[in-house]
Amino acid sequence: METLEQIKNRAELAARGAKIDLVVNPGPSGQSSLLIDHAHAVAVATFLRDHPALSFDLCSNVTGVDWLDRVVKKTTKVKQVVDSVEKEVDQVSEERIPGYLEAVYHLYSIKLKHGPLIIRMRTANRTDGARFPSLTPVWRSAELQEREIFDLYGIHFDGHPDLRRILMWDEFKDYPMRKDYVQPDDFEWEPTPHDQVLQRTKEHYTPRPTLDGAEQITSHSDVATPNK
Amino acid sequence: MSEAIDEKLRSELQRQGIWVTSVQELYNWGRKNSIWPLQFGLACCAIEMIATAASRYDIARFGGEVFRPSPRQADLMIVAGTVTKKMAPQIVRLYNQMPDPKYVISMGACAISGGPFKQGYNVLKGIDRYIPVDVYIPGCPPRPEALLHAFMELQRKIDSQKLSGENKAEFLKPGQPSEFPVPAFGEHDLNPPANKDVYHPPKLERV
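Protein chains in written order, with our numbering: chain A, 1 to 228; chain B, 1 to 207.
Treat the hints as calculated values from the structure; they're not laboratory data. It is possible that part of the hints are untrue.
What the hints assert, rightly or not - Derived EDC-like pairs (lysine to aspartate or glutamate); straight-line CA-CA distance at most 20 angstroms:
1. 86(B) to 174(A)
2. 203(B) to 174(A)
3. 173(A) to 134(B)
4. 86(B) to 2(A)
5. 168(B) to 189(B)
6. 173(A) to 179(B)
7. 179(A) to 170(B)
8. 118(B) to 186(A)
9. 196(B) to 148(A)
10. 74(A) to 57(A)
11. 179(A) to 58(B)
12. 118(B) to 174(A)
13. 86(B) to 185(A)
14. 118(B) to 88(A)
15. 196(B) to 185(A)
16. 111(A) to 2(A)
17. 86(B) to 203(A)
18. 203(B) to 170(A)
19. 196(B) to 179(B)
20. 118(B) to 195(A)
21. 118(B) to 2(A)
22. 86(B) to 195(A)
23. 86(B) to 171(A)
24. 118(B) to 83(A)
25. 203(B) to 186(A)
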């Protein structure tokens, strides 16, 4: 398979005006991916599928991600004059990255036996109605998985042939995989609560019946040991 | 009634070639040895249920081999597996369509309480929120022996049910409901999240 830079340059040439960013994965897997803008997503996807040197004919996996707002700390070395001596001082700058919703597609080529190529689409923020162009017209296998993203993350896919909820029922209003999802409070009883579950079940505890004070009369020091 | 007969007299009569029984005993003996379960499974527990019905464990030895594909012919509902909230109304509907007397075995951790999915958003935290359960089998999944044990417990329960008198079986009491309301799909959860007439969770007394 060609490198991501090569694929990116090819796709940008083929789909005019397409803006593709390289998302570098610094982790051990090193699976970097391509971030595709919404307006040219279908054109880029069609190019990736149809170009003979790429021919990504299988979309194996589509999933959604909800990224929260995060703060990235960066340390840069700045030359400063300290006590009339020029020194290099670490300066910490904080960059606030707003959260966004994301759809990730994993592409393989059965014909050329290469892959995966990972492409992404991102929204500007988490609050406004999230809309992506559907890639189901390009890869039919994306149909149910885009429905699943719609169901669990509330991302609308324009051009999807049958965008309905798939796992939850149609009357359901929430998007349970979003980070701000609030579960219905139906924890009546919990045998071994701990951590977050403990906090939630505490609201359902009935307080102990008030004691009559008898339990305070005997403490450990008062109890006579049988040997005395 | 069986308790009306002196046991010593009965065994003495039996030794003389006279077999004495009661309608209740005969009726319960027939019922408990021919329990037809409803043929449906929900998750991995269903695989163990299938194994129980197959030759190695053979639930036919206890008279439970006739798995019926229709609730109208079934006596026993084995809730074998995870009940998702989307599936729960259908389970209640199946239960409602079964004729009395009907029994429920809640098989496995999921059917009892939601099991490993208890903290999730989509799994019902126990089928006993909507329908009465006779026997619970813990396990994830329970072994076929456990299902057989539950089956024998159920047979014991059927055998001990009275046909008349104060303590007669629930299904013989005219006021006792044999159908329970089917929960509706709500905007955030099932509506209602539990049937208060059926579901009585233990109260937590902690400070």
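Hint-by-hint comparison with the structure:
1. 86(B) to 174(A): holds (14 angstroms)
2. 203(B) to 174(A): violated (30 angstroms)
3. 173(A) to 134(B): Answer violated: residue 173(A) to residue 134(B) is near 35 angstroms, above 20 angstroms.
4. 86(B) to 2(A): Cα-Cα ~45 angstroms, so violated.
5. 168(B) to 189(B): violated (37 angstroms)
6. 173(A) to 179(B): At roughly 29 angstroms apart (the allowed maximum being 20 angstroms), residue 179(B) and residue 173(A) break the hint.
7. 179(A) to 170(B): The hint is violated at about 47 angstroms.
8. 118(B) to 186(A): holds (10 angstroms)
9. 196(B) to 148(A): With a Cα-Cα distance of about 33 angstroms, the restraint between residue 196(B) and residue 148(A) is violated, given a limit of 20 angstroms.
10. 74(A) to 57(A): violated (40 angstroms)
11. 179(A) to 58(B): violated (48 angstroms)
12. 118(B) to 174(A): holds (19 angstroms)
13. 86(B) to 185(A): holds (17 angstroms)
14. 118(B) to 88(A): Not OK: residue 118(B) and residue 88(A) at ~55 angstroms, beyond 20 angstroms, violated.
15. 196(B) to 185(A): holds (16 angstroms)
16. 111(A) to 2(A): Holds, at about 15 angstroms.
17. 86(B) to 203(A): At roughly 27 angstroms apart (the allowed maximum being 20 angstroms), residue 203(A) and residue 86(B) break the hint.
18. 203(B) to 170(A): Violated: residue 203(B) and residue 170(A) sit about 34 angstroms apart, past 20 angstroms.
19. 196(B) to 179(B): holds (14 angstroms)
20. 118(B) to 195(A): Given that 20 angstroms is the threshold and the Cα spacing comes to 15 angstroms, the pair holds.
21. 118(B) to 2(A): violated (46 angstroms)
22. 86(B) to 195(A): Judged against 20 angstroms, a Cα distance of about 28 angstroms means the pair is violated.
23. 86(B) to 171(A): Within the cut-off at roughly 11 angstroms; holds.
24. 118(B) to 83(A): violated (62 angstroms)
25. 203(B) to 186(A): Distance ~14 angstroms between residue 203(B) and residue 186(A) Cα, so the pair holds.
When held up to the earlier numbered hints, the structure conflicts with 2, 3, 4, 5, 6, 7, 9, 10, 11, 14, 17, 18, 21, 22 and 24 and fits the remainder.
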